[in-house]
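J.: Quick note, the sequences are listed as chains Z and A, same order. At position 70 of the first sequence (counting the first as 1) the number is 68 in the numbering used here, and the numbers step up by one without a gap. Every position in the second sequence, counted from 1, becomes a number in the numbering used here once 1 is added.
Some clues are possibly wrong.
Derived pair list, reagent style BS3-like, types lysine-lysine, alpha-carbon separation capped at 30 Å [what the hints assert, rightly or not]:
#	chain 1	residue 1	chain 2	residue 2
1	Z	55	Z	12
2	Z	55	A	18
3	Z	55	A	60
4	A	72	A	60
5	A	72	A	18
6	A	56	A	18
Just so you know, the hints here were simulated from the structure itself, not pulled from any lab data. Quick caveat, the model's predicted, so the values are computed rather than measured.
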Amino acid sequence: NAGVTQTPKFRVLKTGQSMTLLCAQDMNHEYMYWYRQDPGMGLRLIHYSVGEGTTAKGEVPDGYNVSRLKKQNFLLGLESAAPSQTSVYFCASTMTGANYEQYFGPGTRLTVT
Amino acid sequence: SQKIEQNSEALNIQEGKTATLTCNYTNYSPAYLQWYRQDPGRGPVFLLLIRENEKEKRKERLKVTFDTTLKQSLFHITASQPADSATYLCALVGGSTLGRLYFGRGTQLTVWP
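Chain Z with its partners taken away, still in its complex shape:
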């Protein structure tokens, strides 16, 4: 099993450009999450999904959109990137009834210039 994978690993964007981050998991998990991690701020939840076709806002959703068309995939979109979105993005997944132990991907380092 690959666990949780994220694509791409690194990306540099110019202000105003758009991009999509892909998260995939092969563990048949119901719940998936997108976090951002900034120095001194810890992990902050952007959006999450409790099942295929459903998404919900987390702590810092502004400027991001998500989609969960397939159970194994969770996409994070930036429609118009801003320098404030420079961060490391982590995807995670968990299955219900398992104490919500989260499995994290390796992260995507995004720089917006």
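Starting from the known structure of chain Z, arrange chain A on it as the hints suggest.
T.: Structure of chain A alone, referenced to chain Z:
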């Protein structure tokens, strides 16, 4: 809103000693409290979970305590080794949004020989 504090950003100890990390929280009644380890450039990895009705949990050299009256969890690593050097994150789970975690900012532990 809920607030989670980890005692310090950095903790330096000598090999063989016991490392003790603290996680305090306010405005929340978690069903579970989890601890994760994060190495540089990688996603967090789950270590231990303790439920609200448990006082203590052990796993090899790791011990976690949970005091819901004090709203505090202590994370101990006994006989610490340089390989234990990493950032340790606590996370709260529960309430009306089961599956959603609230993370502390982490404590960076360095174990020197």
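J.: Between residue 72/A and residue 18/A, does the CA-CA distance stay at or below 30 Å?
T.: It holds: about 26 Å lies between the C-alpha atoms, which stays within 30 Å.
J.: Is the hinted pair residue 55/Z and residue 60/A satisfied, with a Cα-Cα distance of at most 30 Å?
T.: Violated - the C-alpha atoms of residue 60/A and residue 55/Z are around 34 Å apart, more than 30 Å.
J.: Given the hinted pair residue 55/Z and residue 18/A, is their Cα-Cα distance within 30 Å?
T.: Roughly 42 Å between the alpha carbons, so the hint for residue 55/Z and residue 18/A is violated.
J.: Given the hinted pair residue 55/Z and residue 12/Z, is their Cα-Cα distance within 30 Å?
T.: 25 Å, holds
J.: Does the structure keep residue 56/A and residue 18/A at a Cα separation of 30 Å or less?
T.: Holds, at about 23 Å.
J.: Does residue 60/A lie within 30 Å of residue 72/A when you go C-alpha to C-alpha?
T.: 22 Å, holds
In this structure, the earlier hints numbered 2, 3 are contradicted, and the remaining ones agree with it.
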